[in-house]
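Chains A and B, in that order, give the protein sequences. If you read the first sequence in my numbering, its first letter stands for residue 7, the second for the next number, and so on. If you read the second sequence in my numbering, its first letter stands for residue 7, the second for the next number, and so on.
Don't read these hints as lab results, they were simulated from the structure. Computed from a predicted structure; not experimentally measured. Watch out, some of these pointers could steer you wrong.
No copy labels: a pair is met if it fits in one copy or bridges any two.
Dumping the calculated SDA-like pairs for lysine to any residue here, alpha-carbon to alpha-carbon at most 20 Å [what the hints assert, rightly or not]:
#1 186 <-> 112
#2 225 <-> 117
#3 35 <-> 346
#4 88 <-> 182
#5 186 <-> 54
#6 285 <-> 69
2 protein chains.
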Amino acid sequence: MNTNLTNPKEMEIPSTLREMGRASRIAAKTLARATPEQKNLALRSAAAALRKSLPDLLAANARDVAAATASGLSPAMLDRLKLGAGGVEAMAVGLEAIAQLADPIGTVLAQWTRPNGMVIQRQRVPLGVIGIIYESRPNVTADAGALCLKSSNAVILRGGSESIHSSAAIHACLVEGLTKAGLPASAIQLVPTTDRAAVGFMLADMADYIDVIIPRGGKNLVARVQKEARVPVIGHLEGNCHLFVDRDADLEMAKRILINAKLRRTGICGAAETLLVDKAGVDRLLAPLVAALLDAGCEVRGDPAVCRVDSRVTAATEDDWFTEYLDAIIAVRVVDGVDAAVEHIERYGSQHTEAIVTGNAATAERFLQGVDSAIVLHNASTQFADGGEFGMGAEIGISTDKFHARGPVGVEQLTSYKYLVRGSGQIR
Amino acid sequence: MNTNLTNPKEMEIPSTLREMGRASRIAAKTLARATPEQKNLALRSAAAALRKSLPDLLAANARDVAAATASGLSPAMLDRLKLGAGGVEAMAVGLEAIAQLADPIGTVLAQWTRPNGMVIQRQRVPLGVIGIIYESRPNVTADAGALCLKSSNAVILRGGSESIHSSAAIHACLVEGLTKAGLPASAIQLVPTTDRAAVGFMLADMADYIDVIIPRGGKNLVARVQKEARVPVIGHLEGNCHLFVDRDADLEMAKRILINAKLRRTGICGAAETLLVDKAGVDRLLAPLVAALLDAGCEVRGDPAVCRVDSRVTAATEDDWFTEYLDAIIAVRVVDGVDAAVEHIERYGSQHTEAIVTGNAATAERFLQGVDSAIVLHNASTQFADGGEFGMGAEIGISTDKFHARGPVGVEQLTSYKYLVRGSGQIR
């Protein structure tokens with residue numbers, strides 16, 4: 007398999023990236039006119055190519071893993087990098103699932119007739135060219151490429167240097183799918199160098215070619231992108247998610263949701279990082295909830311009231327309320343009712359995802375309306391913060407911006423709209 | 007009337023603006039919970055205050071006009087600055103019209119139930135705090151303040167230095183309306199200095215307080231804002247709008263739309279700047295269309311084919327195709343059919359507003375779908391590019407971005423959304 011990797015030293019970054027940008031613009035025009043069937047054929051053919059290329063993909067991934075191991079990558083990062091047969095199959099299934107989603111392009115979002123007889127339609131259109139900058143997970147190559155294709159956007163992918171061979175092998179399968187469907191290979195391009203200067207160039211010098219940049223990765227990557235980008239950015243910085251257990255909560259439900267929200271997977275952005283317990287429910291709720299966490303192997307850092315209920319709790323500092331642990335650690339605080347919970351979240355939260363457990367419908371509504379986060383849940387786990395779980399098919403991330411897209415970024419969030427106005431000679 | 011103007015020399019810009027920012031954040035929270043009735047009462051009370059304060063408003067405007075005349079402001083700018091009794095009444099009527107619009111906040115945009123029983127709602131919420139930077143038109147103070155209030159956003163207004171006394175007097179009326187409705191005065195704030203450093207500070211150092219900046223004014227202002235802003239920007243750079251008259255156009259309709267699109271008002275962004283005429287219709291259409299323009303007092307710059315039909319036509323240069331004249335000047339070119347028209351627009355246009363005149367439905371659809379502009383019209387004037395004409399009540403401008411808001415920016419475009427998820431104990 008030819009993965010088209012260039013020796014960074016031999017590559018002239020500005021000219022290569024500008025050439026990729028020009029090709030993207032041309033591909034975007036073709037994609038805007040592509041039929042749903044063509045795009046879905048490309049996705050299904052890419053899935054078939056992934057399955058067919060399993061040995062090549064595993065070999066490419068083994069090269070990345072060997073290099074990363076040699077360079078001392080952390081076990082957590084290595085885990086993200088590793089691709090097995092199951093991972094390849096999951097990517098293929100993901101492409102097929104995206105093929106099955108409703109096509110967003112051309113949808114009439116609204117239509118109305120003016121008193122003068124003009125008919126105005128708001129119609130969904132692609133954004134154009136999307137730049138995606140990500141880290142070590144090679145499956146992002148398939149997911150992001152597919153979501154952009156489904157939404158008729160051309161994409162320039164810039165994967166992490168650790169996963170460059172894996173990403174290139176996956177990218178080759180996507181290109182095979184495009185070709186089979188008669189779509190331009192340049193609809194999905196992969197930056198063929200690990201040189202970090204390419205990222206800087208994408209962010210600052212490609213405004214003529216890239217309409218929006220989406221960073222997918224850790225806080226440092228997203229912060230860098232938001233700082234340097236000269237084009238719009240869709241990105242989430244962090245998920246410091248809260249679970250508030252109200253005085254009217256069912257204890258068993260609260261326990262089940264708490265353990266799931268904190269511990270199902272600790273490394274994802276929807277994992278709960280702080281538990282808030284209603285003061286009026288402390289006697290009934292606090293000790294069993296804290297014990298459940300500790301017994302499940304979770305470190306608990308609490309305020310003085312929490313420290314008192316279990317000797318295994320350590321004292322939380324002010325920093326703990328701000329921290330996204332992404333680990334089996336939780337901060338626990340007693341607050342005086344739902345309003346105090348909303349205030350705590352406003353002060354320390356990251357406007358990502360928060361949940362309340364309560365049997366009181368009025369308290370639940372007060373929380374749902376009062377919390378200014380992308381996702382607010384009642385009696386459900388914060389780990390549902392996920393495009394797939396929302397029924398959006400797949401996502402490229404969870405946006406904590408309020409601008410353009412908020413919450414899960416799926417195919418609809420990768421679109422814009424235009425107005426079509428049909429008249430019969432109207433003038434002003 | 008106390009207009010609260012501070013001597014710029016005595017004002018510490020960073021501390022003053024940060025204090026305004028903090029007040030905006032607090033006001034935004036109150037606005038998010040304000041009822042539609044409260045907001046509408048504030049708007050109607052502000053309209054009443056404008057009418058009551060007519061003498062003060064005219065006096066404040068006279069001060070601005072006298073200073074601007076002395077400093078040699080251009081007649082066109084002076085014209086924008088001048089406020090008469092009719093202008094004040096128009097502002098008051100505008101506020102009342104915005105009060106009558108449907109309230110956008112809290113609207114459920116979509117709702118669905120997941121197989122696990124969770125009910126997901128996408129609900130409209132305000133953006134938060136909006137910064138608006140504008141030039142000499144004092145009525146923008148009222149329009150922009152009212153649109154932000156209606157959409158439950160706090161706003162920091164920074165008007166042009168020429169209109170500072172007029173804007174301050176109008177702002178005082180808006181504050182009177184807020185106060186009468188029991189809403190915080192800091193919901194609508196006006197930067198109390200003409201020091202240009204305040205603009206730079208808003209763009210670069212207020213990211214903690216301002217969620218989005220909207221520039222309203224000429225190309226230079228918008229370009230500066232887009233270059234310097236450290237927060238998202240909704241802005242339109244220019245409207246180089248095209249009218250394409252197809253071979254199947256009705257001549258009389260084409261003439262009527264052309265004269266309206268070019269000459270109704272030449273200084274607005276929806277004014278047509280280039281006329282494209284289909285080669286296959288030249289014999290029937292070109293001479294009468296060009297004559298109609300010239301006879302109406304419009305300068306015509308044409309390609310060689312156009313120069314040949316009337317001796318009054320001057321030769322267009324390559325620059326003319328790129329130019330937004332905002333004046334009684336038009337560029338005219340013969341193109342070979344609808345596809346060539348689309349190509350010309352793609353190359354030279356600004357993705358604002360374009361129109362086709364044709365009796366052929368298939369050609370019209372090809373144009374409507376093929377042109378990638380915010381607004382594309384069939385058999386109607388480009389001067390309909392306006393939120394009011396679209397039935398959106400009022401607008402803060404026309405966005406040529408594809409990101410977040412495209413086309414007229416009305417109250418709905420000043421909102422975001424969040425997801426409310428109602429469960430019964432679901433975990434992943």
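*For which of the previously enumerated hints does the structure constitute a violation, in increasing order of number?*
Those not satisfied are hints 1, 2, 4, 6.
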